[in-house]
Structure formats: structure tokens, C-alpha cells
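Could you fit the two chains together into a complex? Lean on the hints.
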Amino acid sequence: MKGVKHKILVLSGKGGVGKSTFSAQLAHGLAADDTKQVALLDIDICGPSIPKMMGLEGEQVHQSGSGWSPVYVEENLGVMSVGFLLSSPDDAVIWRGPKKNGLIKQFLRDVDWGEVDYLIVDTPPGTSDEHLSIMQYLGATHIDGAVIITTPQEVALQDVRKEINFCHKVKLPIIGVVENMSGFICPKCKNESEIFPPTTGGAETMCKNLNVSFLGKVPLDPQIGKSCDNGQSFLSEIPESPATSSYKNIIQRIQDYCGLHQSQEK
Amino acid sequence: MNETVHQLERMQELWTTGYLMGFKSSNTSDEFLKEKRAQIMSRGLPKQKPIEGVKQVLVLASGKGGVGKSTTAENLMRPLKNYGIECMSMGFLVEETAPVVWRGLMVMSAIEKLLRQVEWGQLDYLVIDMPPGTGDVQLSVSQNIPIAGAVIVSTPQDIALLDARKGAEMFRKVHVPVLGLVQNMSVFQCPKCKHETHIFGTDGVRDLAKTLGLDVLGDIPLDVNIRKTCDTGQPIVVSQPQSDMAKAYLRIAMEIIRRLPTPPG
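Going down the list, the protein sequences come from chains L and X. With our numbering as the guide, the letters of the first sequence map in order to residues 1 to 266. With our numbering as the guide, the letters of the second sequence map in order to residues 267 to 531.
Same shape as in the complex, but just chain X (with noise of 0.2 Å):
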């Protein structure tokens, strides 16, 4: 782990020192990253290996920004809670306000490290919570670990749709099934008067699905206590059990484990 900080520290720095010398040596790191390429799509696609002591992955991804993955991410993995939930991510490896400004292929490496330099131990699942696109980490992922199935989240407005969209294709175009849609922000209710206002439009989430073949997985309201508890580090499945919104995250995960192939060995 130290050995990864170490390095990771290193690219940070060696990142920065470009950047104060004013892109002087742009010219040359095109040249790198242009050969970098095409070495790397000389050898081929890279090769799908599983990581040692992890029986299934599954990715959450959306295409869209601010749909709300990571809450979901952070609030399934807790019903899987039985087998342990060790957490891994770049947030740990550099300071809060540090901005980690990277092209491409240094994300890449960074991946790598974070799927396969982990000492995950014997897990029965590994969420991988992604960032919004459908750029590199994506395809890295995708291309490098044999993923058990896709979560695509999306708000029910057409912007986050198309988005979404996005990113089945994506999914389809690798190979990794997607297992479903989830309605994020799909209503809320005023805690005064308990009227209900459809924010971010209706139902957009279920009619895509049905135009892409896709089931939903479920609905998850917008509800303030949602954000409160994510944002002070308990996500409300832990906090909240007995309440709907969790109840609404359990029956996702559940559906999830449903729909997944049945583990290797």
C-alpha cells in the first residue's frame, strides 16, 4: 500500500512539475503518449483477468454526472454486508482539496493499481462505483476485469436519459450485461404539506428501459435524509434501516443479487 502512495505521489509530483514549467514540453509528451498508443494497440486488446479473491464484480455507472451512483454504490454494498465491505479509492491516496488533474493513461495506470494492488482478500462481491462518461476508466475497467453484470443509474429527466443511453451502449459494445436501471430523485414530498413534485420530470428512467429491453430495478425518491446521511459519512441503509429509503436501496440490492450469474466455483 505504501508502495502505491509512494508512486502515486510521484505521478502527482511529476504532473505538477509540468504544469509549472508552462507546457514547455508539450510538444514531446505528444509524441509519448502517440507512441504509448500505439505500442498498446499493437499488442491487442488487453486481456480480461479476473482479481485474485474476488468471485464477482459489478459496476455502477451512469454516462451522466450527479445522477447519484456513488450514494447508491455506498448504499447497496451495505446489504451485502455479511461477506465484509472493504472500501478502496483515490480519495484515501491524496489530501481532500488536492485536485487529481490526469490525461488518460495515468488514470489508467492508477485503475490498475487500485483494482489489482488492493489486498482485497476473499470477496463474494466488489462494487466498482464509476465516474460519469464514457471515457477511460470505463473502457479500462471494462476491458481489464471480467464484470458480472452493469448498474446504470439515472435521473427521470431527458438530459440524464440520454446519457444513460450512453452508457448501455457502452456496455453493450464490451460485452458487460447490464442488469438493470435504477430511478434516482424519481419524486419528492414536501415534509410540510406531503405534496408530491416530480423535480426532475416522470418516469423517464422506466421508458427507456422498456425501449432498451432493460428491466428497472427499482425507485428511489428524493428524500433529504438521504443526502444528510451520505454526506456525514452514514449511509442510510447503516443509519436508517427501518426506513423507507433504505428499504427502497435493500430491495434494489436484492434484485441486483437476483439477476446475477451464478459465482464461479
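If we strip away everything but chain L, and leave its shape as in the complex, we get (with noise of 0.2 Å):
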């Protein structure tokens, strides 16, 4: 981890709001300058999305004398999931918290990153093992912080307090909230719909009673599911939608927090 300059991890709380979306588009979007170098590291065991978001599905990882070498999408983008461990994309990965530990431990100490800029972590659902494994290892290296994505839905938000108690516990920084699926405008009149509707106030108002940085909203594209599906970056193949230049003002606020605290450091 010697080489890697910057560490965010992506956090819910809640399943299904659109971490490894989120996950996918933030690395894209970071790799887009060419100067950087970015990787990408999907610790979801059981459902790991991020080599279809990818286009990298069926890929294996390969064995080099300096450890595993990480499946490149360009050449500044790598990525590495327990999807390219599988025989195939449809086998189950059934198992029980200390497998999954020890498999997390590999990724981060067996896995040739090289140098990295910034490295985006993204979770399974949830507070468990893999949160409790990955907070363990990494937490003795310094973790920039952590972004936690919600729909607006008091459902989700209710998860995402539990997530924020969970980063304070361990003392890891939230560097904000990212409201997703928030609003749908239907293609054909324009009117938009709240399908996630925001009965306490939504993301915003609940980072302002938490006082956490509230990242921005993501509108929901159907253009964005089938980009994921499809394997592309939603943000090169579909760069005039309203979701696009959401996503980009999300990515400069990391980015900005990211060089605000190297400063910070120096």
C-alpha cells in the first residue's frame, strides 16, 4: 500500500442504492485525467458487480513475479474483484465471514498496484465482516475517507445514520453523502417524478443535522443502469445528461478533498 496515495472507500449501509455504480463512474471519471494513475478494488464477495460494470467480465488475474497483477480497463485505470477468481460469472461465492477475511487480506497484500493516485474501495452492503476486515487492515495506513451513498428514501437513510455511527466509531473520516436516484424525468414530457420520495428532507437535510458534508444528487437515468450493464462509462458514452454533470461536480468535490488534506499532511 506504500505506493498508493490516496484511499476512499464507498459505503451505503443500505443494499441497492448504487454503490458500485457509483463506484464504476468515480473511477472513470478520476482516470479521465491521463496523469493519473487510479485502481479500483471491489471487496463485495458475494456479489461482486464491478467487473460487468467494467466490461471486464470473464477476464482472469494473472501471476507475475511481483504478486497479482491487477485486469487494466485503460492504462491508467486498474481493477481487481473476486469476479476474475471465478470459473464463471455465475458461480456462488457461499461463504462464511473468515474465508472472505482472508481473501480480503490477499487483495490488498498480494495485489501488485505499482504507484496509485487513488485508490476507490467498494463495499458489499451493509456493517460486517468485510467493513470490520478491510477497516483492519487498511486502518493502519491512512485512509483518506469515505463516501456514503443513499437514495432519498427514509428507508435508506436510516441505514446510512447507522453507516455515519459506524465511521465514527472507527474513526474513519466521511468525506460526504451522495444522494442518489434522487428525482426521475420522464423522457417523454420532462416532468419529474419523485420515485424515492424524500419524507424527512432526504440526504441533504440529514447531513446538516449530522454535520457531514453533503456531496450532491444523482438523478435518476435509465442510461446509467444500461451503461453499467453494458460494461461502459455512463460518463464518456452519454456526456450530455443531467447525470453526467453531477457526477462530474461530485468527483471534483472528492478530488478536492483528497488534495486538501495532502496539504494538509505536508
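Hints are not guaranteed to be accurate.
[Stated by the list, open to error] When the alpha-carbon atoms are kept at most 25 Å apart in a straight line, the in silico DSS-like pairs for lysine-lysine are as follows: (1) X/Lys300 - L/Lys188; (2) L/Lys226 - X/Lys300; (3) L/Lys99 - X/Lys439; (4) L/Lys171 - L/Lys208; (5) X/Lys494 - L/Lys217; (6) L/Lys105 - X/Lys300; (7) X/Lys300 - L/Lys190.
Hints in this document: simulated from the structure, not taken from any laboratory. This structure is a prediction, so every number in the text was calculated from the model and none was measured.
Below, the structure written as C-alpha cells:
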């Protein structure tokens, strides 16, 4: 981990709010600057979505003298996931905690990441073995912080509050919260509907109440899901979507946070 | 019940202490885990023991998070209301904002308590809402109690179907019959112009069902009212029983009952 400048964890608490989708776009967004080296580590052992989202389904991991080699999407964007270790993407990984932890340790120790500017860690939903392990193993090194993803509805926010408390308890700085699937614009009449209504004011209000940074909202665009299913970068494929500018603004704020942190460190 | 709460609180305390000690004892706990695991393995696989008083157990799973398992579970339980609805959850035992950050073994222990140390009384159906994934919780539940059937919930997009497929495979491996799939968030109708958009893809679940030789128990569209009523604790099947959404859930419940084996005794 010595060669890794910035480490960002993507968390949520609630499942299905768009962590992996966001991690994938964040990776693409950061790698758009080809002077930066970006790495994406998927520690969702049971449901590894990253290989498919990055268009790397079916790829296998190669072993070299210096360790496991990540699978490269672009020259400056490398990916590692349990998905690459399975003989078929349909194989179910039905493991208990200790075995999952062992694999996460290997990902961190045996993968030859090289010199990396940003390491993004995509996590499974919840607060369980994988989260404890990643904090345990990475805790000794410096983690810039966590980005917490949520949808606007109260049921999701409940889990985010727990996630925020988890971060406080393990002294993990919170870069901020992203509100995903925030409003849907009908492609025909352009009317905006709130499919996941923020009955309690949504993530923005929650962040104000908990004194946590609110990074921004991303609207529901059916093309995001489609790009992910096809393993393409939504930011490159659909640059004109309002969701693209939302993503780009949020990514910029994350970069600013990391940059600020670096100068503070020095 | 109080004993359970006390025990769970104690577990929570122990965890917190462990954290504050900064993982110094992590080596010991790894050893402890290894030993415990070896102990359990040597006893052979856990034997399935039915829950006293419960005739049939139905699990709602998916593999993927956020596809609507809990929402479906809540709305499915209502039609079985004639037999009384009791509800049990970790949510009742901890503070709303307290994270439950436990490793697998502790989770297993908690699940045992939630299943067996709750006075369920005489039940015809126990519906278990599972978390996403194919890990400790799913394995523990499948191995420890006889399950009459599993229902897998998914949204139509490929990413979710990947996980739904893994869920189905897991149930096959532990010999739990999969009654069918539920396609959730299938289509959204603009409230203004009624234009229909398939936000998460079209009919992905139907295609997967065909591939796996399973039935599709039903289709639930994306409707703001389902979200709103769940957030306010009034599942749509109860609060708006005449609505199309409620009827869709009721139809699925009927399909499930049709497919469950004849209950023992």
C-alpha cells in the first residue's frame, strides 16, 4: 500500500443504492486525467458487480513475480475483484466470514498495485465482516475517507445514519454523502417525479443535522443502468445527461477533499 | 425476551470494547475464530431443527441489495393476516442509529436467538426477510431450519440478475426449493403523461426465470406510493388494498401459497 497516495472507501449501509455504480463512475472520472493512476478494488465477495460494470467480465487475474496483476480497463485504470477469480460469472461464492476476510487480506497484500494516485474500495452493503476487515487491514495506513451513498427515502437514510456512526466509531473520516436516484425525469414530457420520495427531507437535511458534508444529488437516468450492464463508462457514453454533470461535480469535490488533505498532511 | 436483549447488549458492548482497544487483541480473536470454526466443522453440518409451533417457513432472498425484499416481505405477509402477524427483527433490539457491526459468528448466534427464542406461538407461515448476499446469514438460516420454499426478488437489470442467479444457486446447493422469482421495479409510469419507462431494463427477470426453469410469480411496477407507504410503516396492501399495486402483491402471495407443499400435520 506504500505506493498508494489516496484511499477512498465507498460505503452505504443500505443495499441497492448505487455504490458499485458510483464507484465505477468515480474510477472512470478520476482516470479521465491520464496523468493519474487509478485503482478500483471490489471487496463485495458475494455479489461482485465491478467486473461487469467495467466491461471486464470473463477476465482472469495473472500472476507475476511481483504478485497478482490487476486487470486493466485503461492504461491508468486497474481493477481487482473476486469476480476475476471465478471460473464463471454465475458461480456463487457462498463463504462465511473468515474465508472472506482471508481473501480481502490477499487483495491488499498480494496484488501489485504499483504507484497509484487513487485507490477506490467498493464495499458490499451493511456493516459486517468485510467492513471490519478492510478497516482492520487498511487502518494502519492512511485512509482519506469514506463516501457514503444513499437514496432519498427514509428506509435508506436509516441505514446511512448507522453507517455514519460506524465511521465515527472506527475513526474513519467521512468525505461526504451522495444522494442517488434523486428524481426521475420523464423522457417524454420532462416532468420530474420523485420515485423514492424524501419523506424526511432526504440526504441533504440528514447531512445538515449530522454535520456531515453533502456531496450532491444524482438523478435517475435509465441510461446509467444500461451503461453499467454493458460495461461502459456512463460519463463517456452519455456526456449530455444531467446525471453526468452531477457525477462530475461530485467527483471534483472528492478530488478537492483529497488534495486539501494532502497539503494538510505535508 | 429481556434476557435476549441483555445478551445482545452485552455482545454490542464487547464489540465496542474491542474497537476501543484498537484491535490489539485481533490475533487472539483470529485464533479464537479458527478454533471455534474447527469445533463447529468437526461436529458435522448443523442438523435442521424445525421451529416449535411454526408449520412452514418461507424465505425471501435475492442475492442483490436494494431490490425490494423487505418491501415485498411486508406486503406479502398481509394476505396471510388471518393467521395473525407477529414481527421480529434486530431493529427492535438496538437503537435506531446504532450500527450492528458484527462478524459472522456473532451474527449466527443472533439469528439463532431471533428464530428460536421468540414466542412465535402457533404459526402457519413464518416469512423470513433475508439480507443481500450469499454468506453467513443465508447459510445459517438454510442449514438450521427446514425451509418450505424460497422466493427470489430481483429488478430487471443484468447486474441484479447476476446476483439473483447466485442466490438461486445457493438455495439449490443447500436443497431449499425455489418457488419462483418476483420481478420488482419493472416499469415506471409518469404520473403526468402516463408514459411508461423501463428504468431498470425490460423483462430481465422473465428471461432469467426461463433459463433457470423457474416461474415468475409476478411483476411489481415502480410506484411512488409503495415507497411512501413503506416509509410511513403502512404497507400498501394494508393502507390501499384496492390499488393495483396491492392487488399485484396479493396475486403473488396466492401464487406462493399454491406452490408451497402441503404443510405437515
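Do the hints match the structure? See the list:
1. Of the pairs offered as hints, the one joining X/Lys300 and L/Lys188 is violated, with about 58 Å between alpha carbons and a cut-off of 25 Å exceeded.
2. As the CA atoms of L/Lys226 and X/Lys300 are separated by approximately 43 Å, the hinted pair breaks the 25 Å bound.
3. Using a Cα cut-off of 25 Å, the hinted pair L/Lys99 and X/Lys439 holds, with the two alpha carbons roughly 18 Å apart.
4. About 20 Å separates the Cα atoms of L/Lys171 and L/Lys208, which keeps this hinted pair within 25 Å; it holds.
5. Under the criterion of a C-alpha separation no larger than 25 Å, the hint pairing X/Lys494 with L/Lys217 is consistent with the structure, at around 20 Å.
6. For a cut-off of 25 Å, the pair hint linking L/Lys105 to X/Lys300 stands: about 16 Å separates their Cα positions.
7. Restraint check for X/Lys300 and L/Lys190: not satisfied, since their Cα atoms lie roughly 57 Å apart, outside the 25 Å limit.
Hints 1, 2, 7 from the list above are not met by this structure, while the remaining hints are.
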